[in-house]
Amino acid sequence: MTVALKFDVMRLMFVAFLGYVLTDENEYRLVRDLMTSYDKRIRPSENHSWPLNVTFDVALAQIIDVDEKNQIITTNCWLNQGWKDYMLRWDPRKYGNTSVIRLPYTEVWRPDILLYNNADVTSSVSTVSTNVIVTFDGNITWLSMWIFKSSCSIDVKYFPFDVQNCSMDFASWAFDAFQINIQNDAEKGDLTNYVSSSEWELIVFDFQRQVITFSCCPEPYVFINYFFVIKRRPLFYMFNLVMPCILITLVALLGFYMPSESGEKVSMGITTLLSMTVFLMIVADSLPPSSSDVPLIGLYYGINIAIVSFATAMTVFTLNIHHKGARGYEVPNIFRKIFFGVVAKLLCIKLDLPPEPGMVPVPQSDYYKYDDQSSENGGISTRYTGKLSTGGNGESCDNQFLKVLHKVNQTIERNEVRLAEQDRRDYIRQEWQHRNTSGFIEQKSDKLKMNPGRSITQVTKTPKTIHNQSVSKNVANQ
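Residues in the sequence shown are numbered consecutively from 8, following my numbering.
Please keep in mind that the hints were generated in silico from the structure rather than gathered at the bench.
Note that the coordinates shown come from a computational prediction; the quantities given were computed from them, not determined experimentally.
No residue lacks a Cβ here, since even glycine has one placed at the ideal position from N, Cα and C.
All the pointers check out, no bait thrown in.
With a cut-off of at most 25 Å between alpha-carbon atoms, the simulated DMTMM-like pairs for lysine to aspartate or glutamate come out as follows:
# : residue 1 : residue 2
1 : 414       : 428
2 : 195       : 208
3 : 76        : 162
4 : 195       : 213
5 : 101       : 31
So the derived label-pair ranges between C-beta atoms look like this:
#  : residue 1 : residue 2 : range
6  : 193       : 224       : 26 to 36 Å
7  : 53        : 117       : 15 to 25 Å
8  : 195       : 146       : 22 to 32 Å
9  : 100       : 53        : 21 to 31 Å
10 : 48        : 285       : 56 to 66 Å
11 : 100       : 216       : 35 to 45 Å
12 : 48        : 185       : 11 to 21 Å
13 : 293       : 148       : 36 to 46 Å
14 : 202       : 295       : 20 to 30 Å
15 : 295       : 323       : 33 to 43 Å
16 : 213       : 321       : 46 to 56 Å
All chains should be modelled from the sequences, with the hints used to inform the complete structure.
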């Protein structure tokens, strides 16, 4: 039983091997017979005056790259071409019922269908060496994969929200419509194996057949134009180009709130301006140099650069105003009316300026004033003196006392004038700076309390002039 089973298995294996050998022998004989008298240089048409019908179909597999600067789009496509070659027909019964064979595509005649808007010569060669499928009735099917680099007019006016319309124009290079009739039996473009792109969204992929006559040749040529509409996904550019620009602009505008004493307002404005310029250069490097339309993102960056430049210029202007008060320049009346009266109300800004230094009450005294150069006082330069008695010994004593009092009064007067001038400058500086100076009056009163012995000054402020009228304190116990 076991020996019989082994014998049956060996017999089946021998029959299978013999059939395989016979099949290979049949296919070998078939290819030899077909290719003996076959010439791939001749168009396989039974009648020279008849056109050869060629079916042509493109399946879009992937959008590899869109080069906006060079205006080239790279795609991965699968081509399906079919035609009938009457010289490659046989009777399957003569070759062991062999009905289909596969031959290298270089061994048979092929239609010279090329991409007319090709942007790279090297992409005209098939990237993968494939075979053609030949049936016993002469039908040939050629499936191949190609990497096409086609030229496309890139419109970046609405970048990064742009929509591009590109096409791939296929036609025979040497055979006109009377020799090759290119057809496409599909209803629309094939997207069965399409791999979506992370940057581009495919909206439309379709084709149309056209018959075009060139100026060089009177014969018409058949074109199969595949066109597709792609829309850019803007998330990457919004996150990496638009959002930083918005933040940089906000930082530039926030520079107005930086204290002028910090000394970094102009530096921050220049830094933000340089940052905007760098981002604009990055955008300009990736876009085609076109003068017909300005991209929206370029216009957006240009407006932001103008805003940042204006903000930097206004910062310089405000710093100049800020330091005018420290130099003692008074605020012009026209500026008071415009900024304190109109602009402050429009911007809803409440100004809390210190009271302007004005008339200070002068205490009454029974002292009288006399001329410093009067000869009646012996040339003693005093401004105020009391009612003196005219005695012999007492007169010289009083004169000596008046000399000392005169020196003390001069010192007090100089200090009073200096403090009054300092008060005036503080007021002007704070008025220029538009800052809240609620502690100004308290500071002034504290100075008066710390110097109870000094004279009280009446200040009348006029442009570049201060008129001081001092009244010395009543000196008791003369």
